[in-house]
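*Asks:* The hints should help you fit chain B onto chain A, whose structure is shown.
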Amino acid sequence: MKISMTVNGKTMSGEAEGRTLLSTFLREELGLTGTHIGCDTSQCGACTVHVDGKQVKSCTMFAAEADGATVATIEGMANSDGTLSKVQQAFQDHHGLQCGFCTPGMVMAATSLLEENPKPTEAEIRHHLEGNICRCTGYHNIVKAVLAASGQEVPAVAAE
Amino acid sequence: MPKDGIGASTKRREDLRFLTGKGRYTDDINLNGQLYVHFLRSDVAHATINGIDTSAAEGMPGVVRVFTAKDFEAVGGLPCGWQVTDKHGQPMQEPKHPILAEGKIRHVGEIVAAVVADSLEQARDAAEAIELDLTELPAVIDMKKAVADDSVKVHDDLTSNLCYDWGFVEENKAAVDEAFEKAAHVTTLELVNNRLVANPMEPRVAVGDYAAHNDESTLYTTSQNPHVIRLLMGAFVLGIPEHKLRVVAPDVGGGFGTKIFHYAEEAFCTFAAKQLKRPVKWTSTRSEAFMSDAHGRDHVTKIQLALDADNNFTALRTDTYANMGAYLSTFAPSVPTWLHGTLMAGNYRTPLIYVNVKAVFTNTVPVDAYRGAGRPEATYQLERCIDKAARELKVDPAELRRQNFIKPDQFPYATPVAVEYDTGNYHATLDKALELADVAGFDARAAESKARGKFRGLGISNYIEACGIAPSNLVGQLGARAGLYESATVRVNATGGIVVMTGSHSHGQGHETTFPQVIADMIGIDASQVEIVHGDTANTPMGMGTYGSRSLAVGGSAMFRATEKIIAKSKKIAAHIMEASESDIELKDGQFTVAGTDKSLAWGDVTLAAYVPHNYPLDQIEPGLEETAFYDPANFTYPSGTYICEVEVDEGTGKVEVQRFTAADDFGNVVNPMIVEGQVHGGVGQGIGQALLENCAYDADGQLLSASYMDYAMPRASDLPMITVDHSCQTPCTHNPLGVKGCGEAGAIGSPPALVNAVLDALNRNGHDVAHIDMPLSPSRVWSAMNK
Numbered sequence: 001m002k003i004s005m006t007v008n009g010k011t012m013s014g015e016a017e018g019r020t021l022l023s024t025f026l027r028e029e030l031g032l033t034g035t036h037i038g039c040d041t042s043q044c045g046a047c048t049v050h051v052d053g054k055q056v057k058s059c060t061m062f063a064a065e066a067d068g069a070t071v072a073t074i075e076g077m078a079n080s081d082g083t084l085s086k087v088q089q090a091f092q093d094h095h096g097l098q099c100g101f102c103t104p105g106m107v108m109a110a111t112s113l114l115e116e117n118p119k120p121t122e123a124e125i126r127h128h129l130e131g132n133i134c135r136c137t138g139y140h141n142i143v144k145a146v147l148a149a150s151g152q153e154v155p156a157v158a159a160e
Numbered sequence: 161m162p163k164d165g166i167g168a169s170t171k172r173r174e175d176l177r178f179l180t181g182k183g184r185y186t187d188d189i190n191l192n193g194q195l196y197v198h199f200l201r202s203d204v205a206h207a208t209i210n211g212i213d214t215s216a217a218e219g220m221p222g223v224v225r226v227f228t229a230k231d232f233e234a235v236g237g238l239p240c241g242w243q244v245t246d247k248h249g250q251p252m253q254e255p256k257h258p259i260l261a262e263g264k265i266r267h268v269g270e271i272v273a274a275v276v277a278d279s280l281e282q283a284r285d286a287a288e289a290i291e292l293d294l295t296e297l298p299a300v301i302d303m304k305k306a307v308a309d310d311s312v313k314v315h316d317d318l319t320s321n322l323c324y325d326w327g328f329v330e331e332n333k334a335a336v337d338e339a340f341e342k343a344a345h346v347t348t349l350e351l352v353n354n355r356l357v358a359n360p361m362e363p364r365v366a367v368g369d370y371a372a373h374n375d376e377s378t379l380y381t382t383s384q385n386p387h388v389i390r391l392l393m394g395a396f397v398l399g400i401p402e403h404k405l406r407v408v409a410p411d412v413g414g415g416f417g418t419k420i421f422h423y424a425e426e427a428f429c430t431f432a433a434k435q436l437k438r439p440v441k442w443t444s445t446r447s448e449a450f451m452s453d454a455h456g457r458d459h460v461t462k463i464q465l466a467l468d469a470d471n472n473f474t475a476l477r478t479d480t481y482a483n484m485g486a487y488l489s490t491f492a493p494s495v496p497t498w499l500h501g502t503l504m505a506g507n508y509r510t511p512l513i514y515v516n517v518k519a520v521f522t523n524t525v526p527v528d529a530y531r532g533a534g535r536p537e538a539t540y541q542l543e544r545c546i547d548k549a550a551r552e553l554k555v556d557p558a559e560l561r562r563q564n565f566i567k568p569d570q571f572p573y574a575t576p577v578a579v580e581y582d583t584g585n586y587h588a589t590l591d592k593a594l595e596l597a598d599v600a601g602f603d604a605r606a607a608e609s610k611a612r613g614k615f616r617g618l619g620i621s622n623y624i625e626a627c628g629i630a631p632s633n634l635v636g637q638l639g640a641r642a643g644l645y646e647s648a649t650v651r652v653n654a655t656g657g658i659v660v661m662t663g664s665h666s667h668g669q670g671h672e673t674t675f676p677q678v679i680a681d682m683i684g685i686d687a688s689q690v691e692i693v694h695g696d697t698a699n700t701p702m703g704m705g706t707y708g709s710r711s712l713a714v715g716g717s718a719m720f721r722a723t724e725k726i727i728a729k730s731k732k733i734a735a736h737i738m739e740a741s742e743s744d745i746e747l748k749d750g751q752f753t754v755a756g757t758d759k760s761l762a763w764g765d766v767t768l769a770a771y772v773p774h775n776y777p778l779d780q781i782e783p784g785l786e787e788t789a790f791y792d793p794a795n796f797t798y799p800s801g802t803y804i805c806e807v808e809v810d811e812g813t814g815k816v817e818v819q820r821f822t823a824a825d826d827f828g829n830v831v832n833p834m835i836v837e838g839q840v841h842g843g844v845g846q847g848i849g850q851a852l853l854e855n856c857a858y859d860a861d862g863q864l865l866s867a868s869y870m871d872y873a874m875p876r877a878s879d880l881p882m883i884t885v886d887h888s889c890q891t892p893c894t895h896n897p898l899g900v901k902g903c904g905e906a907g908a909i910g911s912p913p914a915l916v917n918a919v920l921d922a923l924n925r926n927g928h929d930v931a932h933i934d935m936p937l938s939p940s941r942v943w944s945a946m947n948k
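Residue numbers (our numbering), protein chains in the order written: chain A, 1 to 160; chain B, 161 to 948.
Excised from the complex, chain A in its bound form (with noise of 0.2 Å):
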């Protein structure tokens, strides 16, 4: 069938089988492969994307059921004029990715939960991306990142 949907500002179609997920559709139908596939349980959060401005894992949802959505992805997170987003920024700042595969669901979840949170303590930061893992970074710099990008002071634990 005939999908279609706004995906980071523009109108987008492909062919979907009932059984294709959103993640592959946006994967493999429009090309956006900056979406990752972590894991087959929804566990790991690679695939998160903002559909209808809601943070969702886009490997639990069909394509079907995103006909007519709004949907943004990681290539449309930057800024109009090509730069980093705020939280984009504050990633590559304070070292918040290493092998880069969980980080665009990660910037997707921090986007988010600074819309709903603008300035989340430590632990409310550390409880948001409970349903995104990272296996480089042991999580330490992305939460100095999220609070970066909420404009809070970054604690000093390292001897930098």
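Read the hints as simulated data drawn from the structure, not as lab findings. Heads up, some of the hints might be wrong.
Stated by the list, open to error - When the alpha-carbon atoms are kept at most 30 Å apart in a straight line, the in silico DSS-like pairs for lysine-lysine are as follows:
(1) A:Lys54 - B:Lys163
(2) B:Lys256 - B:Lys182
(3) A:Lys2 - B:Lys731
(4) B:Lys256 - A:Lys86
(5) B:Lys163 - B:Lys554
(6) B:Lys163 - B:Lys731
(7) B:Lys171 - A:Lys119
(8) A:Lys86 - B:Lys748
(9) A:Lys10 - B:Lys182
(10) A:Lys86 - B:Lys163
(11) B:Lys434 - B:Lys256
*Replies:* Here is chain B on its own, set in the frame of chain A:
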């Protein structure tokens, strides 16, 4: 001094693509006319294959071909890269490791058949129509049962399930036993180093391609070492010479060791693409990863420490059963032996050591190197045993360690287990960690915890590891079937920019940022003028890849040597142009000057002259400015450190929470502190995961119980604390030009014993006489230990 030189926390340039969805991982590659393979994997651990009926599957929509083992009769098995010699001087038992199961199935997840179809869904649907005629056999999972005389055999053609019985150093055994007889105190500890799954967030992927017009095969794969895959797969499995085989590993989403090895799926896709004359792609699901990625750890150990009346360590002996799984993965035999036994001296002066390791075949997924590989297993048993000794002797665990440390003036220090530590200062990292962890304030924090009904405990661990792997002539004597040098080609372009082609390959370590920092420092140009090329055998020199914290120590040293050659040649050119003696030429801040004069030439003037050699010493040197170096290290490097963990234990539930974690490491010189600290954070995160959460579990029939993130407890953001890291204690490596030691594995090595020691401290301080709990320290295990 250029900005972004050695010592600068330069932000990573690779982040720009990773943060915007522009990373190019293997699964992002799709080729024209590409087919998809779905592997039918065994759901039983041990069985005889009587027949495989693929006829129905072959008729299903979109199916191009179904492969079974008979299609691979002319193809070799997956090779093992290390042959261990046992304590009797005999080579290890080495079974064939087929691409697809041949006649027998030996572990859950083993590939029985492969369906190639136009779409993945079609391949998956068709695989369900394959009929297997199997006779199930009893499985052997427990290592001690596997080596009993009456055990089921994993491989009928081997004499037993014992791969090897290794003694190290065998000649020391009698003296070690004698020291134990004379000991004033002996501490004995039996423990399990739990089986883990590395779980890089990017699952493995392989895309095979074949060009008939020039008979060239290409494999795109998720690998830490594309050249190693090319060599192993080309020479030993498929019989393709290197010049007809290209292996590309683009952006790699984490590895932690499990992407070192050559896997069946890589050989399958390369082979099938040539057979079918179309690209063939496989993308692992996470469930497949759990039952096909090489697992890690899985040692069962008894360790004994002998002390004299003054609490000096006099001898150490350990007996370990190491699980190999059903087949030997690429470097599996080396992990419990040369990466484990050689580290049993730890940071201590113990004069006599004997290590026995029995490597055992079982009906489980093959086990191989995982972050630290052998060194975490050595550190865990040693640091747990020392802690137990301190409790038995009622002495301060930090002071017992300090008393037995190798002293700063004793380096280089030859251990009784065949390695020579070049440098170190264990007293310094211990003092630094005690200070940063505010151990002095512990009692007040414990009282505060107690007021909230929680038990607080503090645990210390030291570690030593051997990195910068490794001197080729030494590892050759020890059974390695490969050299362990690294390579770099430094290409200076006419206008002065530099491209470095390296055999090292980043899978998250940030080489594209740190490697240019080194060259920027040497030449005095901006790091932005240097670009790194890696991960493609077609455009990089033969290299051994990235693992064992070796990239900067070995690959960086190769780059350093090649850059030295570049500088030497460019000085010759500068001397000619400035009509000066070569010995008077200095290069600083990207300027060539003649000592004692005001003559100078910019870096770019000289590089241009190399390619436009009008005024050039053509009678002495060739045009161009490109040099290659292969660096083979003279020794391992020996990073070390002290880790301190502070936990709270809930008496009612047994739940452990890590409250504080402090890591004081000695990595020698540090190129990019930000990246080094990130490596420690990640390693500690994995170590805490091992100690508290992760466990790869099989039932007695060989069913894998933890085959998804629903069952295998990965550390989440809420499980980990902020981590205090320090790398100010620096004793630079003496034998590589950068003085660097490696930092990738330290966190995963030093943290599990610190955490377990902390939990036991919490329990024992609060009236629970518990000598040991095996990892992971789940609430149920801790509660049970308190309520036994």
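*Asks:* For each hint, tell me whether it holds in the structure or not.
*Replies:* Evaluation of the provided hints:
no., hint, result
1, A:Lys54 - B:Lys163, "42 Å, violated"
2, B:Lys256 - B:Lys182, "41 Å, violated"
3, A:Lys2 - B:Lys731, "65 Å, violated"
4, B:Lys256 - A:Lys86, "54 Å, violated"
5, B:Lys163 - B:Lys554, "52 Å, violated"
6, B:Lys163 - B:Lys731, "23 Å, holds"
7, B:Lys171 - A:Lys119, "25 Å, holds"
8, A:Lys86 - B:Lys748, "38 Å, violated"
9, A:Lys10 - B:Lys182, "18 Å, holds"
10, A:Lys86 - B:Lys163, "25 Å, holds"
11, B:Lys434 - B:Lys256, "24 Å, holds"
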